[in-house]
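2 protein chains.
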Amino acid sequence: MKKILEPLSIIYPLPVVLVTSSDKQGSNNIITIAWTTNLCRKPVCLGIAIGKGKYSENLIRDTMEFVVNIPGKKFLREIDICGSSHGDIINKFAVTKFTAVDSSIVKPKMLKECPINIECKVVGISRLDSSNFFIGEVLKVHIEEDILKDEREIDFIKLDPVLYAQEKYYSFGSFLEVRGFSKKSN
Amino acid sequence: MKKILEPLSIIYPLPVVLVTSSDKQGSNNIITIAWTTNLCRKPVCLGIAIGKGKYSENLIRDTMEFVVNIPGKKFLREIDICGSSHGDIINKFAVTKFTAVDSSIVKPKMLKECPINIECKVVGISRLDSSNFFIGEVLKVHIEEDILKDEREIDFIKLDPVLYAQEKYYSFGSFLEVRGFSKKSN
Numbered sequence: 001m002k003k004i005l006e007p008l009s010i011i012y013p014l015p016v017v018l019v020t021s022s023d024k025q026g027s028n029n030i031i032t033i034a035w036t037t038n039l040c041r042k043p044v045c046l047g048i049a050i051g052k053g054k055y056s057e058n059l060i061r062d063t064m065e066f067v068v069n070i071p072g073k074k075f076l077r078e079i080d081i082c083g084s085s086h087g088d089i090i091n092k093f094a095v096t097k098f099t100a101v102d103s104s105i106v107k108p109k110m111l112k113e114c115p116i117n118i119e120c121k122v123v124g125i126s127r128l129d130s131s132n133f134f135i136g137e138v139l140k141v142h143i144e145e146d147i148l149k150d151e152r153e154i155d156f157i158k159l160d161p162v163l164y165a166q167e168k169y170y171s172f173g174s175f176l177e178v179r180g181f182s183k184k185s186n
Numbered sequence: 001m002k003k004i005l006e007p008l009s010i011i012y013p014l015p016v017v018l019v020t021s022s023d024k025q026g027s028n029n030i031i032t033i034a035w036t037t038n039l040c041r042k043p044v045c046l047g048i049a050i051g052k053g054k055y056s057e058n059l060i061r062d063t064m065e066f067v068v069n070i071p072g073k074k075f076l077r078e079i080d081i082c083g084s085s086h087g088d089i090i091n092k093f094a095v096t097k098f099t100a101v102d103s104s105i106v107k108p109k110m111l112k113e114c115p116i117n118i119e120c121k122v123v124g125i126s127r128l129d130s131s132n133f134f135i136g137e138v139l140k141v142h143i144e145e146d147i148l149k150d151e152r153e154i155d156f157i158k159l160d161p162v163l164y165a166q167e168k169y170y171s172f173g174s175f176l177e178v179r180g181f182s183k184k185s186n
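Going down the list, the protein sequences come from chains A and B.
Using the working numbering, the first residue of the first sequence is number 1, and each one after it goes up by one.
Using the working numbering, the first residue of the second sequence is number 1, and each one after it goes up by one.
Source of the hints: derived by calculation from the structure; they are not laboratory data.
None of these values were measured; they are calculated from a predicted model.
Possibly wrong hints are sitting among the right ones.
[Claimed, not checked] Result set (DMTMM-like, lysine to aspartate or glutamate): computed pairs, CA atoms no more than 20 angstroms apart in a straight line:
(1) A:Lys3 / B:Asp155
(2) B:Lys168 / A:Asp62
(3) B:Lys74 / B:Asp160
(4) B:Lys168 / A:Glu153
[Claimed, not checked] One side of the interface only, derived from the structure: several residues of chain A facing chain B at Cβ under 8 angstroms:
(5) Leu5
(6) Ile10
(7) Val44
(8) Cys45
(9) Gly47
(10) Lys107
(11) Asp150
(12) Leu163
(13) Lys168
(14) Ser171
(15) Gly173
We put the CB at the ideal spot given by N, CA and C, even for glycine.
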């Protein structure tokens, strides 16, 4: 038996990423975001939804660039700090002790300790009522060699990403099947 | 040591959903999508990215409505079939044996066997080069009572969703922490 409910956000679990941004003067911030997805293969684009009025939104609008850093589960405390404090009040780099390193193309810094860093430039913004959705074209990807199986395949078990759903963090599971398996076994 | 790579789609793992759509004449389809996220709280909106030229894209454009159905892991075979076959060639409802039931507001059908069904109307489309990103306002949500902890909280362990990353399916993990835990333990 199903209950019929009024609208609620329910596309979960989503992967937790740390987005770094910067304004032209060099003010920096880190924000935890789970409302993110891939968008396009050619060119490679991704999207991040940010609540209106957030400090990171102002920084991204200033340079129209950002970096998506993907942390493993061992950074759960840092993830939580960056998702529940305000960058205009505290310096999240100082509190988390993440190391800010220069990106290869964009102005915002990359987080050295995160095994994946994705440099993006904003190519579109979908304005919604309580948030904005930033569409970023991926310019460069930096991946820790330890979690690469080959040139482009990531060992997600080793990456051990954090998932998010309705105010709670969850761990990643285990491998099930390769896409297309249903054709082979018929 | 990190490798620097050219752009690749890397926001993973993402949750696997089954999107049902319909044109005005009643032709139906089911497409498996992992490129999805929540977008906005007020009004509640979500987004789905669909490769250009897909049959489902034409159906959605015709009625500007769709339903997001969230399956559990036990439907992995059906998920794979709907993600690796073409709705203009085969009838995915017949092949998967999913039961199509009427939605409360929109024309596209809901999949009875999926514990969550989300009725959406399209309120925006971001046109990208190789895909389109449909922004859907959530109109109604149907949730199986068995997976509800209270009025609005979902038991994701019971839901047992499928995750997707780089052509592979993965299982969901286990509970880690509640958002905000870092403030309490300091």
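Hint by hint, here is what the structure shows:
Simply put, A:Lys3 and B:Asp155 have alpha-carbon atoms about 14 angstroms apart, close enough for the 20 angstroms limit, and the pair holds. A C-alpha spacing of about 37 angstroms is found between B:Lys168 and A:Asp62, which places the hinted pair above 20 angstroms, so the restraint is violated. Distance check on the hinted pair: B:Lys74 and B:Asp160 sit about 8 angstroms apart at the alpha-carbon level, within 20 angstroms; holds. Between the alpha carbons of B:Lys168 and A:Glu153 the distance comes to roughly 11 angstroms, so the proposed pair stays at or under 20 angstroms and holds.
Given the 8 angstroms rule on beta carbons, the hint for A:Leu5 holds: about 4 angstroms separates it from the nearest Cβ of chain B. With 8 angstroms as the threshold, the beta carbon of A:Ile10 comes within range of chain B, its nearest partner Cβ sitting at about 6 angstroms, so the hint holds. Given hint, A:Val44 at the interface with chain B, holds; its Cβ is 4 angstroms from that chain's nearest Cβ, closer than 8 angstroms. Below 8 angstroms, beta-carbon pairs count as interface contacts, and A:Cys45 has one with chain B at about 6 angstroms; its hint therefore holds.
Interface hint status for A:Gly47: upheld, as the beta-carbon distance to the closest one in chain B is roughly 7 angstroms, under 8 angstroms. Taking 8 angstroms as the C-beta contact cut-off toward chain B, the hint placing A:Lys107 at the interface is violated, the least distance being around 17 angstroms. Because the closest C-beta pair between A:Asp150 and chain B is about 11 angstroms apart, greater than 8 angstroms, the hint is violated. With a least beta-carbon distance of about 7 angstroms to chain B, the hint placing A:Leu163 at the interface is held under the 8 angstroms criterion.
Checking A:Lys168 against chain B: minimum C-beta separation of about 6 angstroms stays under 8 angstroms; hint holds. Here the hint on A:Ser171 is kept, as its CB sits about 3 angstroms from the closest CB of chain B, short of 8 angstroms. At a threshold of 8 angstroms, the smallest CB-CB gap from A:Gly173 to chain B is about 3 angstroms, leaving the interface hint in force.
In summary, the structure is inconsistent with hints 2, 10 and 11 from the numbered list given earlier, while agreeing with the others.
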